[in-house]
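Enquirer: What follows is each chain in one-letter form.
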Amino acid sequence: MADERRRNPRPGLVLEVDRSTPPALFHYGEGFRLEKLPAGRSRILYPPEPLPGLNNPDQHIRDALENPLGDSPPLSALLTSGMKLTIAFDDISLPLPPMRSPDIRQRVIEAVLDLAAQHGVDDVHLIAALALHRRMTESELRHAVGDRVYDAFAPSGNLYNHDAEDPEGMTVIGITPHGEEVQINRRAAESDLIVYVNINLVAMDGGWKSTATGLSGYTALRHHHNPQTMVQSRSFMDQENSELHKSNWRQGKVLKESGIQIFQIETTVNNNTFGHDGPLAMLQKREWEWTLRDRATFIGYQTGLRRMNPSTKRKIFSSWYSPYELTSIQAGEVEAVHKQTTEHVYKQQLVNVEGQTDILTMGIPYICPYNVNSVMNPILVACLGLGYFFNMYRGKPLVRKGGVVIMTHPTPWEFHPVHHPSYIDFFERVLSQTKNPTEISQRFEKAFAEDEWYRHLYRTSYAYHGVHPFYMWYWCAHALDHLGRVIIVGGNPDAVRRLGFRPATTLHDAFEIATDVVGSQPTITHYHSPPILMADVQ
Amino acid sequence: MAQKLSSRELRRKTKQIRHAIDGTRRRIINLKFIRTAQFPYRAPSTPKGIDPHPTESKTGSSFQTSWARRTPARTIRMLFSEFPMRPIVQFFAKPAMIGVETLSDIPEYQPVIFVANHHSHIDTPLLITSLPLRWRKKLVVGAAADYFFSTRITGALSALFIGAIPIERKKITRKSSDDIAELIDKGWSFMVFPEGGRSPDGWGQPFRGGAAYLSLRCKVPIIPIHLTGTGAILRKGKNLPKRSETTINFGKPIWPIDGEKSRSLAKRVEISVAQLADETSSNWWESKKRLYEKETPTLHGPQASSWRRAWDLSHLKRQQENNRLWPKI
Numbered sequence: 020m021a022d023e024r025r026r027n028p029r030p031g032l033v034l035e036v037d038r039s040t041p042p043a044l045f046h047y048g049e050g051f052r053l054e055k056l057p058a059g060r061s062r063i064l065y066p067p068e069p070l071p072g073l074n075n076p077d078q079h080i081r082d083a084l085e086n087p088l089g090d091s092p093p094l095s096a097l098l099t100s101g102m103k104l105t106i107a108f109d110d111i112s113l114p115l116p117p118m119r120s121p122d123i124r125q126r127v128i129e130a131v132l133d134l135a136a137q138h139g140v141d142d143v144h145l146i147a148a149l150a151l152h153r154r155m156t157e158s159e160l161r162h163a164v165g166d167r168v169y170d171a172f173a174p175s176g177n178l179y180n181h182d183a184e185d186p187e188g189m190t191v192i193g194i195t196p197h198g199e200e201v202q203i204n205r206r207a208a209e210s211d212l213i214v215y216v217n218i219n220l221v222a223m224d225g226g227w228k229s230t231a232t233g234l235s236g237y238t239a240l241r242h243h244h245n246p247q248t249m250v251q252s253r254s255f256m257d258q259e260n261s262e263l264h265k266s267n268w269r270q271g272k273v274l275k276e277s278g279i280q281i282f283q284i285e286t287t288v289n290n291n292t293f294g295h296d297g298p299l300a301m302l303q304k305r306e307w308e309w310t311l312r313d314r315a316t317f318i319g320y321q322t323g324l325r326r327m328n329p330s331t332k333r334k335i336f337s338s339w340y341s342p343y344e345l346t347s348i349q350a351g352e353v354e355a356v357h358k359q360t361t362e363h364v365y366k367q368q369l370v371n372v373e374g375q376t377d378i379l380t381m382g383i384p385y386i387c388p389y390n391v392n393s394v395m396n397p398i399l400v401a402c403l404g405l406g407y408f409f410n411m412y413r414g415k416p417l418v419r420k421g422g423v424v425i426m427t428h429p430t431p432w433e434f435h436p437v438h439h440p441s442y443i444d445f446f447e448r449v450l451s452q453t454k455n456p457t458e459i460s461q462r463f464e465k466a467f468a469e470d471e472w473y474r475h476l477y478r479t480s481y482a483y484h485g486v487h488p489f490y491m492w493y494w495c496a497h498a499l500d501h502l503g504r505v506i507i508v509g510g511n512p513d514a515v516r517r518l519g520f521r522p523a524t525t526l527h528d529a530f531e532i533a534t535d536v537v538g539s540q541p542t543i544t545h546y547h548s549p550p551i552l553m554a555d556v557q
Numbered sequence: 477m478a479q480k481l482s483s484r485e486l487r488r489k490t491k492q493i494r495h496a497i498d499g500t501r502r503r504i505i506n507l508k509f510i511r512t513a514q515f516p517y518r519a520p521s522t523p524k525g526i527d528p529h530p531t532e533s534k535t536g537s538s539f540q541t542s543w544a545r546r547t548p549a550r551t552i553r554m555l556f557s558e559f560p561m562r563p564i565v566q567f568f569a570k571p572a573m574i575g576v577e578t579l580s581d582i583p584e585y586q587p588v589i590f591v592a593n594h595h596s597h598i599d600t601p602l603l604i605t606s607l608p609l610r611w612r613k614k615l616v617v618g619a620a621a622d623y624f625f626s627t628r629i630t631g632a633l634s635a636l637f638i639g640a641i642p643i644e645r646k647k648i649t650r651k652s653s654d655d656i657a658e659l660i661d662k663g664w665s666f667m668v669f670p671e672g673g674r675s676p677d678g679w680g681q682p683f684r685g686g687a688a689y690l691s692l693r694c695k696v697p698i699i700p701i702h703l704t705g706t707g708a709i710l711r712k713g714k715n716l717p718k719r720s721e722t723t724i725n726f727g728k729p730i731w732p733i734d735g736e737k738s739r740s741l742a743k744r745v746e747i748s749v750a751q752l753a754d755e756t757s758s759n760w761w762e763s764k765k766r767l768y769e770k771e772t773p774t775l776h777g778p779q780a781s782s783w784r785r786a787w788d789l790s791h792l793k794r795q796q797e798n799n800r801l802w803p804k805i
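Each protein sequence line maps, in turn, to chains A and U. Read in order, the letters of the first sequence correspond to residues 20 to 557 in our numbering. Read in order, the letters of the second sequence correspond to residues 477 to 805 in our numbering.
These aren't lab readings, by the way, just hints derived from the structure by calculation. Any given hint could turn out to be false.
Stated by the list, open to error - Once the Cα atoms are required to be at most 30 Å apart in a straight line, the calculated BS3-like pairs of lysine-lysine come out as:
id, chain 1, residue 1, chain 2, residue 2
1, U, 737, U, 614
2, A, 366, A, 103
3, U, 728, A, 103
4, U, 614, U, 570
5, U, 662, U, 743
6, U, 695, U, 662
7, U, 712, U, 695
8, A, 334, U, 570
9, U, 743, U, 765
10, U, 765, A, 103
11, A, 366, A, 332
12, A, 103, U, 770
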């Protein structure tokens, strides 16, 4: 019965809340809340159930490499003895939470290297394409590429993190007709072939964003990581209407015309974030389907988590690895590949929704792309809620213009001193003066981006680049422009106010506060995620 | 204070004690009811002129092990594998594992055949404690009938604690393979060292075809495994174990191909184990390149005098990663 259901997953669901609807699950950082939503004017968006994974993924990978899409020859035809091969792969920010071993990157890279060995390729470099993200640690790299690949390449210095601030290691390829510089890792640029190994968790990932952003630096990124581009990307998860996407594509075109040969390998995973069974399985079930065991487990978690300190809770949650399964793999020419990849992402994540509501509620979980094995600081809370979750739509936002977003998260005034040093200064020095993304970009961005100390920490420690907190704030620009108010339930009031949002103790209080903006009896949508869903709003 | 005895006195007293003990034994044997006991308290003698009925051996390959696969014995075995087997193995072998994640694609209830090179008595407990739980629960281990099952006590202990089943290695017989095939068909996984015994000199010996035959017959995959470092712990000819770091390198499952001969499959398995050995002594990438250039070193070592074979072994030490490229944070 369970197997039958797994083979035939149900699509997403829009549940109209009535008096019989059980309280809805809200993620709340390293914890959870169960909240009753007002009957008659609320709806809950549930993600589609996980699609079945591919049987024998290794065989599918080999098939994809030999049957590429677009005008690309098979990978084996591109590999020759004596060539320079660079394999770039997505960094720690994908997938979320990290997946169980073997990681897809490991499978794909092993298959690519297997072919390379077969064709006598000796000069191979592997680069973690992390742009301005923090460098990956040894254990993170080992998890991504596997011990075998790590032990074969890292000791000789041929597996490493991309360094966007290495003056010798970066090169400008050209300029787009819109005046955007195109910068890329020199080793990649000088290679006879770049093989990019991607994991497409959301529709924004992949395509030219892989190389044009992942292997790039501040010189190129500033052209699309800015408030103007973000406000015009409606949303940046919808390629047809994303200015971010268009800018990346223009840069990709320059890369292509410069003669750099790229063999793109894109993969998609299902949204089996918490497992069909196991200790967190109830988090991806619909509440009325929770069994006695699920309820008992949930109560146990709540009781235990209330007694733990934040650090212990973080350690416990960070130890969760999702049992994601490969749902598709495409390889070949970048744009042809990405077109199919996006369809597979939509197939797993899209939920049809009718119309907008006055209020959008969302539970913010413990993890976002920038705090893996780290602390979810207030800027990242804002970025995940207003940057990512708000933008998970196609068509129009789930909440009307001038509406309210209510998020639940403890939002501690806490930062990881190694990973997020520039975030601390951004929060203390910049947000204390202004919250306006455009003003922030004009007054403060350059100083942070060119700060030698932040550069040093980015290059030699494990710090995000100095400009990274700015990008997180720009990520929120579209939502800030669209919304009338943002409320965080259960957050640290000082931290929430510093973000420019309103704190509330309970969800009921938050609804009360929202009535100032949206009037009494507002309509409500609850975005029940993770697992990830994307709303197709008509 | 005890008086120190002269050596002559000491010998005399020792002789007296021995005599007293021997006398006791003799007196027990001479007890009347033992001496005079008759059938049925004593085994019957065979009448003259009649050929004695051939007695069925209960040791060696005839040793019955089915009792060791029932629930009570399996429970004892599982408990024993956790304590004391696991701490002992950890103490002596400190295993590092490579490639165990490659086994995650094998379906849940798929029986498999684990095939590994063999250097030491610790190989079996090392593998038993390192395998994922789903196979450990239903695992039988092929053990030499003439060694592990030579007496009923060693056979019972081997069957109970490591799940051993006897394999005849000195005679050609189908009984062992029939028994094992029946178990595999019932969902049991099978672990075997196809070299037929521990390495005499540290180099590998040719793989026998039994595992490949079973794989083809039962249509189950073979998991090639290479063990490094166990030879230093309890190699052939040693009675006391020494501590050593070990590496267990799991290869990708090898499925039998329709119409394939067992000799060809055995060759594929041997090459795969050789590639794993090469990987352990160099790295995955170098070993792959050598594999495609058909330059993978064999497991058997050079065809040369014994001192040169021993000399060459010293080059196969695993590359240690002494220098962490990234500090721990």
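Enquirer: Could you run down the list of hints and mark each one as holding or not?
Expert: Hints and how they fare:
no. : hint           : in the structure
1   : U:737 to U:614 : 28 Å, holds
2   : A:366 to A:103 : 37 Å, violated
3   : U:728 to A:103 : 28 Å, holds
4   : U:614 to U:570 : 25 Å, holds
5   : U:662 to U:743 : 27 Å, holds
6   : U:695 to U:662 : 13 Å, holds
7   : U:712 to U:695 : 34 Å, violated
8   : A:334 to U:570 : 26 Å, holds
9   : U:743 to U:765 : 19 Å, holds
10  : U:765 to A:103 : 16 Å, holds
11  : A:366 to A:332 : 34 Å, violated
12  : A:103 to U:770 : 23 Å, holds
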